[in-house]
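Peer 1: The chain contents come next:
2 protein chains.
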Amino acid sequence: MSPLMSLPHSAKPADSVPLRYGALVHPGFQALDLFGPLDALNMLALYYPLELVILAETLEPVSTIPPSKPDGNPTTFGQSIVPTHTFVNAPPIDVLIVPGGVGNRIPENIAAAISFVAKVYPTLKYLITVCTGSVLVSQAGVLDGRRATSNKYVFSETQIRPQVNWVPHARWVVDGNIWTSSGVSAGIDVIFAFMAEKYGEEVADTISDVLEYERHKDADWDPYAEKFGL
Amino acid sequence: MSPLMSLPHSAKPADSVPLRYGALVHPGFQALDLFGPLDALNMLALYYPLELVILAETLEPVSTIPPSKPDGNPTTFGQSIVPTHTFVNAPPIDVLIVPGGVGNRIPENIAAAISFVAKVYPTLKYLITVCTGSVLVSQAGVLDGRRATSNKYVFSETQIRPQVNWVPHARWVVDGNIWTSSGVSAGIDVIFAFMAEKYGEEVADTISDVLEYERHKDADWDPYAEKFGL
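Respectively, the protein sequence lines represent chains W and H. Going by the numbering used here, the first residue of the first sequence is number 1, and it counts up by one from there. Going by the numbering used here, the first residue of the second sequence is number 1, and it counts up by one from there.
Chain W with its partners taken away, still in its complex shape (with noise of 0.2 Å):
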């Protein structure tokens, strides 16, 4: 994509922004939840020194396959990811994004994700959910008592951690430190928002023309709410 755009004057300095990402995988997690927003930063890190980390249980690659289809036979289309560091020896970041996925109703395939989002939560400055990557984090407890928001298609997972005050209409929620996102899709819109408040309006502007990516800016855009019957 170079040569690059030179950056507006309102984008913020690099020593004022938050430069450690981490990203954390569990089989089958959905593709677009994680790849939406990573390369949204993958461009904005051409600007600023971003670093990231793949964080997983064990540093085998990991696959968006989910455990099975609905018939019960299992499907083999799928892309596989490298983990670069496990939970257990994940560097400090900053930021952490959470992608959702079938594989997260699977309980046995998240349980060392939800203690890693318990533990490493104290020390984050901002996390970040895709889809029903917040009923994941949720279940660490981090959201309890906070307005939040997942995928619509399949909301009625978000029930198993009611002491989340879910907020069914919603492209993205902020509440304190923490941003979440309706559906697969959204978690564009939500880095996007994200990079807009943290680096700057015309930053986020500038790499969405690059990507050729029409924002949705409205936290409040949400036709699939009302799509899915919310």
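Derived by calculation from the structure, the hints in this document are not laboratory data. The structure presented is a predicted model; accordingly, all values stated were derived computationally and were not measured. Treat the hints loosely; a few may be bogus.
Pairs count within a copy or across copies, as identical chains cannot be separated in the list.
[Unchecked claim] Computed list of lysine-lysine pairs in DSSO-like fashion (alpha-carbon distance at most 27 Å, straight line):
| hint | residue 1 | residue 2 |
| --- | --- | --- |
| 1 | Lys217 | Lys12 |
| 2 | Lys227 | Lys217 |
| 3 | Lys12 | Lys227 |
| 4 | Lys198 | Lys119 |
| 5 | Lys119 | Lys227 |
| 6 | Lys125 | Lys217 |
| 7 | Lys125 | Lys227 |
| 8 | Lys227 | Lys198 |
Keeping the supplied structure of chain W fixed, place chain H upon it in accordance with the hints.
Peer 2: Just chain H now, with coordinates in the frame of chain W:
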């Protein structure tokens, strides 16, 4: 994302649609170019018995990390995907998806990929490119004399193959069995347009709703052509 919605009655039967997909990756590919389309197909694979191979020069993980930053310093911010086959042992496929990315500006990075495209194209039912993936495949000669588009911010890269009728204003272009899209996010729109034509319009709408993705359905929608002075 299950329990899944039922596919509409208008969905085309599995024996009439392309089922075998391949995705070509090279060092420095753009993450969203690839994972936008693939995640739409991940969902389609829950309804149709789709197969996917990830093709690269070797079986080593392939990183999105571009060879260098504009100031010459390497960035370490990226993600690695695991190939399933090499260009040499690739099984037969119906549809090949080719992402772009800064990596394809370095000839030795993509020489094997170009040879593979030249060899495999006559055996494909369809070729789909995202972003500067079209610039890559153009060097295999498969776009000569055809209409095609590419990333708008670096549209000048298309000059490398003037035998192609490059279209500067288009979200995507279809010419024969080759579908080329504009930059990065446009890959999501082209895969849904392809899905709509080959599997059914309502299939594409159902899946884009589940991904909470607002499709651009007009191939001529392209504010980025103007934004980047084309």
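Peer 1: Taking the hints in turn, state whether each one holds.
Peer 2: We went through each hint and held it up to the structure:
When the C-alpha separation of Lys217 and Lys12 is checked against a cutoff of 27 Å, the pair qualifies only within one copy, where the shortest distance is 20 Å, while the shortest distance between copies is 36 Å. Taking the shortest Cα distances, Lys227 and Lys217 sit within 27 Å of each other both inside one copy (20 Å) and across copies (19 Å). In the homo-oligomer, the alpha carbons of Lys12 and Lys227 lie at most 27 Å apart only across protomers (24 Å), although the nearest pairing inside one protomer, at 38 Å, exceeds that limit. In this assembly of identical chains, Lys198 and Lys119 lie within 27 Å of each other by CA distance solely inside one copy; the values are 24 Å within and 47 Å between copies.
For the identical chains of this complex, Lys119 and Lys227 are neighbours neither inside a copy (37 Å) nor across copies (45 Å), given an alpha-carbon limit of 27 Å. In this assembly of identical chains, Lys125 and Lys217 lie within 27 Å of each other by CA distance solely inside one copy; the values are 23 Å within and 39 Å between copies. Taking the shortest alpha-carbon separations for Lys125 and Lys227, neither the intra-copy value of 34 Å nor the inter-copy value of 35 Å comes in at or below 27 Å. In the homo-oligomer, the alpha carbons of Lys227 and Lys198 lie at most 27 Å apart only across protomers (25 Å), although the nearest pairing inside one protomer, at 32 Å, exceeds that limit.
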